[in-house]
Amino acid sequence: MIGGLELSTTETTPRSGARVHVQKLGTSLSNMVMPNIGAFIAWGLITALFIKAGWLTGIFPGLRDPAGWVAKIGGWGDFADGGIVAPMITYLLPILIGATGGRMVYGIRGGVVGAIATMGVIAGTDIPMFLGAMIMGPLGGWVIKKVDAIWDGKIRPGFEMLIDNFSAGIVGLILAAFGFFGIGPIVSSFSHGAGKVVDFLVAHDLLPLTSIFIEPAKVLFLNNAINHGVLTPLGTTQALATGKSVLFLLEANPGPGLGILLAFMAFGRGAAKASAPGAAIIQFFGGIHEIYFPYVLMKPKLILATILGGMTGVFINVLFGSGLRAPAAPGSIIAVYAQTATGSYLGVTLSVIGAAAVSFVVAALLLKTDKSEDDGDLAAATAGMEALKGKKSSVSAALVGSANSGPISNIVFACDAGMGSSAMGASVLRKKVQGAGFANVKVTNQSIANLTDTYGLVVTHQDLTARAKQRTPSAVHISVENFMNAPQYDEIVELLGEVNGGNGAAATPSVEEPADEAPPQDVLAVESIVLAGTATTRDGAISEAGRLLVACGAVEPSYVHAMHEREGSVSTYMGNGLAIPHGTNEAKDSIRRTGISFVRYAEPIDWNGKPAEFVVGIAGAGKDHMALLTKIAGVFLNKDEVARLRDATSAEQIRSVLGGSNA
Numbered sequence: 001m002i003g004g005l006e007l008s009t010t011e012t013t014p015r016s017g018a019r020v021h022v023q024k025l026g027t028s029l030s031n032m033v034m035p036n037i038g039a040f041i042a043w044g045l046i047t048a049l050f051i052k053a054g055w056l057t058g059i060f061p062g063l064r065d066p067a068g069w070v071a072k073i074g075g076w077g078d079f080a081d082g083g084i085v086a087p088m089i090t091y092l093l094p095i096l097i098g099a100t101g102g103r104m105v106y107g108i109r110g111g112v113v114g115a116i117a118t119m120g121v122i123a124g125t126d127i128p129m130f131l132g133a134m135i136m137g138p139l140g141g142w143v144i145k146k147v148d149a150i151w152d153g154k155i156r157p158g159f160e161m162l163i164d165n166f167s168a169g170i171v172g173l174i175l176a177a178f179g180f181f182g183i184g185p186i187v188s189s190f191s192h193g194a195g196k197v198v199d200f201l202v203a204h205d206l207l208p209l210t211s212i213f214i215e216p217a218k219v220l221f222l223n224n225a226i227n228h229g230v231l232t233p234l235g236t237t238q239a240l241a242t243g244k245s246v247l248f249l250l251e252a253n254p255g256p257g258l259g260i261l262l263a264f265m266a267f268g269r270g271a272a273k274a275s276a277p278g279a280a281i282i283q284f285f286g287g288i289h290e291i292y293f294p295y296v297l298m299k300p301k302l303i304l305a306t307i308l309g310g311m312t313g314v315f316i317n318v319l320f321g322s323g324l325r326a327p328a329a330p331g332s333i334i335a336v337y338a339q340t341a342t343g344s345y346l347g348v349t350l351s352v353i354g355a356a357a358v359s360f361v362v363a364a365l366l367l368k369t370d371k372s373e374d375d376g377d378l379a380a381a382t383a384g385m386e387a388l389k390g391k392k393s394s395v396s397a398a399l400v401g402s403a404n405s406g407p408i409s410n411i412v413f414a415c416d417a418g419m420g421s422s423a424m425g426a427s428v429l430r431k432k433v434q435g436a437g438f439a440n441v442k443v444t445n446q447s448i449a450n451l452t453d454t455y456g457l458v459v460t461h462q463d464l465t466a467r468a469k470q471r472t473p474s475a476v477h478i479s480v481e482n483f484m485n486a487p488q489y490d491e492i493v494e495l496l497g498e499v500n501g502g503n504g505a506a507a508t509p510s511v512e513e514p515a516d517e518a519p520p521q522d523v524l525a526v527e528s529i530v531l532a533g534t535a536t537t538r539d540g541a542i543s544e545a546g547r548l549l550v551a552c553g554a555v556e557p558s559y560v561h562a563m564h565e566r567e568g569s570v571s572t573y574m575g576n577g578l579a580i581p582h583g584t585n586e587a588k589d590s591i592r593r594t595g596i597s598f599v600r601y602a603e604p605i606d607w608n609g610k611p612a613e614f615v616v617g618i619a620g621a622g623k624d625h626m627a628l629l630t631k632i633a634g635v636f637l638n639k640d641e642v643a644r645l646r647d648a649t650s651a652e653q654i655r656s657v658l659g660g661s662n663a
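For the sequence shown, position 405 matches number 405 in full-length UniProt numbering, and the numbering has no gaps at all.
If you are wondering where the hints come from, they were derived from the structure by calculation, not from laboratory data.
Be aware that one or more of the hints could be misleading.
[Stated by the list, open to error] Below are the DSBU-like pairs computed for lysine-lysine, each with C-alpha atoms no more than 30 Å apart in a straight line:
no., residue 1, residue 2
1, K639, K588
2, K432, K196
3, K588, K154
4, K145, K610
5, K610, K639
6, K196, K154
7, K639, K146
8, K273, K145
9, K639, K469
10, K610, K588
11, K301, K196
12, K145, K588
13, K431, K588
14, K469, K431
15, K145, K469
16, K469, K610
17, K145, K368
18, K52, K196
19, K72, K52
20, K431, K639
21, K154, K469
22, K610, K146
23, K639, K432
24, K273, K432
25, K431, K196
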C-alpha cells in the first residue's frame, strides 16, 4: 500500500487448495455486495426512521398516525401494501447485486442481462433474493458474453445495435424464466432451511459456538464467503420479519479484534506494541478488521482470544435479544450503532464491551506467559496475511510501512523472455502513463532473469509475479492477465498520482523513451504473413507461426519447440483477439535475426479459453523489433485498425496496417 491506495490486484505467493477456492468465492460475493453497501445503509436508515416502531414514532408520538406520511413511507397502517421499505429490500437491493455481478463478468451489457435474470428469481420467491441475485447476476453476464462471442465480427455494419439489443432481451427473457421456475425455488428452500438451522441454534443457546468457525475464518480471509454469502442474506430476511437480526453482528462485532490490540498495547513488545494503538483506532473506528490479523498470525495461539471474545459478544446479544437492522459495513463501531435496532443499544454496547474485555484478558494472559523474548516478526506476519488474502492490504503500511513509499520514477514490465508480452504490455502502459502527464516516469520491459532490485514498480503476468518478487523484493508488484487493456493500468496511473503528486513533477527525471521509429523492412516480411491460417488449436497456431519464422530464416527449428515451452508456463494471449507466441529466454541462441510472423484465422483459435483471431510469432534478437511491437499494440487498441486487419485482402495491406512498411 502506497499513498493510501490499495493495490487490489497485486498478487502475492501462489496459493492452492480448498481455502483458495473458498476465498475466491468469498471475494466474488463480496465484490457483488460491497459496492452496494450504501444502498443497504440507506434501506437500514429508512427502516430505522419510518417503520411503526422506528425512531421518528419513538421520539415524536404524534407521528404514529396510521394514515400519516411516516406510515406512508414506512409501509404500515393504512399503507401496509406500499411504502419504501419493502420494495427496496425486495427489488432494489437484489437487482443491484445481480447487476453488479453481471457487470463483473461482462461489463455494462452483462450487468443489464444480470439484472433481468435476477428479476426472475425475485418474482419466483417470497423472500429477499440476495443469494439468487448472486447466482443469476454473474450467470447472466457469462451467458450473454458467450452468446456475443458466437457472432463477434460477423455482423454486417449497421445491424450491430439491432443484434445486441435483441440478443440481450432474448437471453434475459430465457434466464428470467429459468430463475423463476428453477433457481428461485431452490434458493428459497435453502434459505428456509438455513433459517431453521439458525432458529435451532438460537433456541438451544448454541449460536455463540459459531465463533469457533467465524473468528479463524476472518484471519484466513474466508469471512467474505460466510458473511456476504450466508449471514447477510439470512440476516436481511430475518430483519424484514422481526425488524432486526443478530446475524449481522456475528462477524462485524469489533470487540474481539479490539481486545487483541489492547493486549498488545499493554503487554506487547517491540514493533507490535508500538503499532497497536494506531491499529486499534483503525480497527474500532474505521472498521478495517484485517489490521489485527497479522498480530494473530504472529502468535497463532491468540486465535483462542478472538474465539472466546466472539462467543461472549454473541452470547450477550442473544441474552438481550439485540440485533442490527441491516449489515454494518465496514465493521466500525460507528456503522454498528448506525444500524442498531431500537431497544438493542444496551445489548449491542455490552456485547462489544464484553467481547473486547474477554479477548483482552485471554490475549493478555497468553502474552504474559509467553517465554519468547519478543513478539515475533510483525513484517513477516503482515506479509503472511497478504499471502493469505492474495493481494496487498490497504492497511499494512500502518503496521510496517511500505518498502517503497517515495515517488516512482521507473516501471518495468517483465516476462519470461522479455521480448514479446512484456514489450507489448510496456508499450500500452507507457502510452497510458505518458497520456496521464507522467512524462518523467520511465516504462521499460525486461526478462525476469535480468531484473535488478532498482525498479519502483514491476508489472508481470499473474503467473510470474512470485518469480519477479524474488528478483525485486522492494518494488511494488502489479499482476495482470490481459496485456492489452488490463484494468490494472488505470490503477497504476492512479497510484502515480498518489505517490508522485500532480502530473508526476515529483518523479526523478529519466531518459526519454525514443520516439517510435520506422520498423526495419525485413522484420515483418510479406512472405511471413498468412491471411487464412489452417490451424484449429492453440498448439497448432503456435507451430504455424513458428514455421513462418523458420522459413524466413529468422530462427532455427528448435525455436518452435521453445515457443511451445513458453506457452506451457505463461499464456501469451494479449487480449483483443491477439496472441503473440515467442520462445523462452533460454532459446535466444536459436534466433538468427529479428523476425515477426503474422497469421489471421477466420475462426478464432481457443487460446486457453480466450478467442485469438490474430497470431503474431516473435523472435527478437535485439531491440529492432520493439518499434513494430509498439505499432502493433497501438493497432490492437483501435477497433477501426483491427477491422482493417480483418478486412485486408493481401499481405501488403496487413503489413501496411501493422507498420511493417514505410509506405
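The hints, checked one at a time:
Distance check on the hinted pair: K639 and K588 sit about 33 Å apart at the alpha-carbon level, beyond 30 Å; violated. Only pairs whose Cα atoms come within 30 Å are accepted, and K432 paired with K196 is rejected, the gap being roughly 54 Å. Between the alpha carbons of K588 and K154 the distance comes to roughly 39 Å, so the proposed pair goes past 30 Å and is violated. Taken as a hint, the K145 and K610 pair is honoured in the structure, with Cα atoms around 12 Å apart against an allowance of 30 Å.
Of the supplied pair hints, the one linking K610 and K639 holds, its CA atoms being roughly 18 Å apart against a limit of 30 Å. Between K196 and K154 the CA atoms are separated by roughly 52 Å; this puts the pair beyond 30 Å, and the hint is violated. Annotation: proposed proximity of K639 to K146 holds, straight-line Cα distance about 20 Å (limit 30 Å). Distance check on the hinted pair: K273 and K145 sit about 51 Å apart at the alpha-carbon level, beyond 30 Å; violated.
Taking the CA atoms of K639 and K469, the gap is about 35 Å. The hint is violated against a cut of 30 Å. Taking the CA atoms of K610 and K588, the gap is near 28 Å; set against the 30 Å cutoff, the hint holds. Only pairs whose Cα atoms come within 30 Å are accepted, and K301 paired with K196 is rejected, the gap being roughly 33 Å. Only pairs whose Cα atoms come within 30 Å are accepted, and K145 paired with K588 is rejected, the gap being roughly 39 Å.
Between K431 and K588 the CA atoms are separated by roughly 28 Å; this keeps the pair inside 30 Å, and the hint holds. With a C-alpha separation of about 25 Å, the suggested pair K469 and K431 falls inside the 30 Å cut-off, and the hint holds. As the CA atoms of K145 and K469 are separated by approximately 34 Å, the hinted pair breaks the 30 Å bound. Under the criterion of a C-alpha separation no larger than 30 Å, the hint pairing K469 with K610 is consistent with the structure, at around 27 Å.
Proposed proximity of K145 and K368 is contradicted: the alpha carbons are some 58 Å apart, above 30 Å. Note on K52 and K196: the hinted pairing holds, with a Cα-Cα distance of about 27 Å set against a maximum of 30 Å. Pair hint K72 plus K52 holds up; C-alpha atoms about 10 Å apart against a cutoff of 30 Å. The straight-line distance between the Cα atoms of K431 and K639 is roughly 17 Å, inside the 30 Å bound, and the hint therefore holds.
With a CA separation close to 43 Å, the supplied pair K154 and K469 exceeds the 30 Å bound. With a C-alpha separation of about 11 Å, the suggested pair K610 and K146 falls inside the 30 Å cut-off, and the hint holds. Restraint check for K639 and K432: the C-alpha separation of about 17 Å stays at or below 30 Å, so the hint holds. For the hint pairing K273 with K432, the CA-to-CA distance comes to about 42 Å; that exceeds 30 Å, so the pair is violated.
Taking the CA atoms of K431 and K196, the gap is near 57 Å; set against the 30 Å cutoff, the hint is violated.
Comparing the model with each numbered hint stated earlier shows that hints 1, 2, 3, 6, 8, 9, 11, 12, 15, 17, 21, 24, 25 do not hold.
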